[in-house]
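Number of protein chains: 2
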Amino acid sequence: MRVELLTVGDELLLGDTVNGNAAWLGRRLADHGVEVTRSVVVGDETDVIVEAVTAALGRAGAVITTGGLGPTYDDLTRDALAKAAGVALVRDPALERRLHERAEAVGRALQPMAFRMAEVPEGAGLLRNSAGTAPGLRVELPGGVVYALPGVPFEMRTIMDEVVLPELAERAGLPAVERRTLRTAGVWESVVATRLAEVEAMDGVRLAYLPDPAEVKIRVTAAGPDAAGRLAAAEARIRELLGPVVYGVEDETLDRVVHRLLAERSATVAAAESLTGGLIGAELTAMPGSSATFAGGVVAYATELKARLLGVPEGLLAEHGAVHPDVAAAMAEGVRARLGATYGVGVTGVAGPEPQDGHPVGTVYIGVAGPGYSPIVVSPRLPVPGTGREIRAVIRRMTVVHALELLRRALLGLDADAGTGDAREDREDRG
Amino acid sequence: MRVELLTVGDELLLGDTVNGNAAWLGRRLADHGVEVTRSVVVGDETDVIVEAVTAALGRAGAVITTGGLGPTYDDLTRDALAKAAGVALVRDPALERRLHERAEAVGRALQPMAFRMAEVPEGAGLLRNSAGTAPGLRVELPGGVVYALPGVPFEMRTIMDEVVLPELAERAGLPAVERRTLRTAGVWESVVATRLAEVEAMDGVRLAYLPDPAEVKIRVTAAGPDAAGRLAAAEARIRELLGPVVYGVEDETLDRVVHRLLAERSATVAAAESLTGGLIGAELTAMPGSSATFAGGVVAYATELKARLLGVPEGLLAEHGAVHPDVAAAMAEGVRARLGATYGVGVTGVAGPEPQDGHPVGTVYIGVAGPGYSPIVVSPRLPVPGTGREIRAVIRRMTVVHALELLRRALLGLDADAGTGDAREDREDRG
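Residue numbers (UniProt numbering), protein chains in the order written: chain A, 1 to 431; chain B, 1 to 431.
Keep in mind the hints are simulated off the structure, nothing from the lab. Where hints are given, some of them may not hold.
Which residues of chain B face chain A? A partial, calculated answer using Cβ under 10 Å [said to hold, decoys possible]:
| hint | residue |
| --- | --- |
| 1 | L5 |
| 2 | G9 |
| 3 | E11 |
| 4 | L12 |
| 5 | G15 |
| 6 | W24 |
| 7 | L29 |
| 8 | G43 |
| 9 | A282 |
| 10 | K306 |
| 11 | G321 |
All residues carry an ideal CB built from backbone N, CA and C; glycine is no exception.
With the rest of the complex left out, here is chain A:
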């Protein structure tokens, strides 16, 4: 079954509101094996809504609308659906009674426009709204069915889960589709995609790449007979091909993985930051319960603080400046020792937009210190995103991801850069 989404509201076209409802619906439907093939936003105009609904039902068997069901005169979804069905709007006595009861319960008089919420296109079905006042509507049109839901996210989600999804499942005899998202860090999208070419060719398997700074999420979809088996086979092959760069699945973010690995070892980590300004600490404390695994951090932004607060040798700073692999190592070891943590992370580098002390933007050194070994240091090659203002934000975010990934590898005893696809792989590509 193909479904289209229609979101109604001028505020979405003006960009005052981001269309989170469409994202939530797309995800929810995908999780239930229903394919959303198009998502449209239109403004508060009856004729435009009528046209959009009609066009959508020419392509798909069902349309889910959100918005335009409130009491004000720019809420026009009801009117549009009545017009599309060629019927009148009629006042539903039960809905009218409910409005009166609600108003009495909060001791307010009903405004005349409130009665609009008791009007429904003649013959429409009411979708029970256990989270609010106005129900959703089901309108059967020649081309298929329209489910009209309110724009208030909580109400929309409630009606969707309690009423619409069970109905769609029954109507559609849904195909077996299995999905899973694998998460990778520290490797480029093009490298991932090239390595996984053979998986893309597997029968009934589809891959989508969702890149973030220094991360790539791989969404694997398997359909048809034995979808679950196909998905498992695809995942197993992907893990063979990518090796240790796969750090988690589904919503298991890198900070969660690191938190879990630390908790399993009853270990803690401390962070010594410069260019990231505190973002590594912020990431390591995003999880509830992070006080069990994160001791604290030092942001040594001024160079002399690297010596004073972290014990980085002054001679090292004098000779090489702050941007140097040995400085990252000394920061990691220093913060670990001074804060009494099991592990220490240290980062130094150039976030831009200008080069610093002769080092180009994107030069970053990351050190991880731990029990029983000398600090590991990596210098990821960060691609510099142009010359715009957002360079700093992207370089800083990539640095956070690489730092957490190095910590994860240290915790698991993996090589610092195994599988990330660098010099060796490049040479193979050339040859």
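Starting from the structure of chain A, add chain B where the hints point.
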């Protein structure tokens, strides 16, 4: 001029990505007086993109697409535009050279699929991308013009601002509309809206409220004859009615204002954080040039580190625990002294989702220490956003805003909570 947006990508239909690009574009175009009349999302299928572009140009004079310009085989916008125009895809030698140069600069070989990014529909115009590798495209079709932009937000935004908006303005002869955004911190949206009722009634003036955690942006739009004069009058009255809660205009974020105020005074700040985990330091280093005003920070997440790293009296911590106004004051003073900064900020509190040591979620104390006075401490009333997972993120973000706002007020010698509309205003509301 009517413009439609077309966003391309399975990940948007699946809800893996929220359509922030469409919201940004809608906003940007509205700010320039251009009306977005529809916004459509389709998946990665050439024929569907062709159909959607063609249908959009049947209704509007211009279409802006985002997404589908990357190197992988599911990036199909180029192919679709060539098909819609009835031309071939050709490889652009200058683009190809640029790809090689970029690859050499980072010491990597080009994957074969990367060359897709050098292909353009024959006759298409290239839109300069100063923020990335692949340019945008301008394709003239019978019904109007298509601007194809990458899906990576900062590249999309750069090309839009530098190339597309000036072109559209020239093509369209835009109406006289003046807009300005005033930024406030630490005050609730309902308080702002109630105070500004008389401005909403001013002739030809429209207000829109854009709330963020602990911030409200007020977008003032004036239209018609003497739009600039109307805008100035509205702004003046808003500033009278709101007083010191207006901290900046347009893209002058709170961290920029604080950075400027510090720089003007040749002063520096240091941050002592707990629940925010480093976010205050991260915010104070988001600006290029922040090393002149930000000394560094200490994230004392574990309670004993508050004593050891910041000199918070152990007796105070033993008696009251870590969540106490005197602890915030001592953290601010401690980090100021130990890092040798002009100002110190200290925050302690409960980010949730669970209460801590008997303090409810959202209990936050913020201290600012500076030269010649005892630390100021405030405890903003943070509204707890429901019971979901995002409580921590929102509480932490609100804490950052309140901390920067208190620092701004300290720098300007303003009262810590003048004009934020608390107990007194609530009483008036009740009465």
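Against chain A, is W24 of chain B within 10 Å by beta-carbon distance? At 6 Å from the nearest chain A Cβ, W24 of chain B passes the 10 Å test, so the hint holds.
Can the hint on G9 of chain B be confirmed by a CB-to-CB distance to chain A that is less than 10 Å? holds, 9 Å
Hint validation: L12 of chain B versus chain A, beta carbon distance must be below 10 Å. Holds or violated? holds, 7 Å
Closest C-beta approach of A282 of chain B to chain A relative to 10 Å, hint status: holds, 4 Å
Using Cβ atoms only, decide whether G15 of chain B comes closer than 10 Å to chain A, and label the hint accordingly. holds, 3 Å
Min Cβ distance, L5 of chain B to chain A: is it shorter than 10 Å? holds, 8 Å
Does the CB of G43 of chain B sit less than 10 Å away from some CB of chain A? holds, 7 Å
When the least beta-carbon distance from E11 of chain B to chain A is tested against 10 Å, hint result: Because about 5 Å separates E11 of chain B from the closest Cβ in chain A, which is inside the 10 Å limit, the hint holds.
Would the stated hint for K306 of chain B survive a check requiring a Cβ distance to chain A of less than 10 Å? holds, 9 Å
Using the nearest Cβ pair, does G321 of chain B come within less than 10 Å of chain A? violated, 13 Å
Does the closest beta carbon of chain A sit nearer than 10 Å to the beta carbon of L29 of chain B? Because about 8 Å separates L29 of chain B from the closest Cβ in chain A, which is inside the 10 Å limit, the hint holds.
Hint compliance for this structure: hint 11 is the single one not met.
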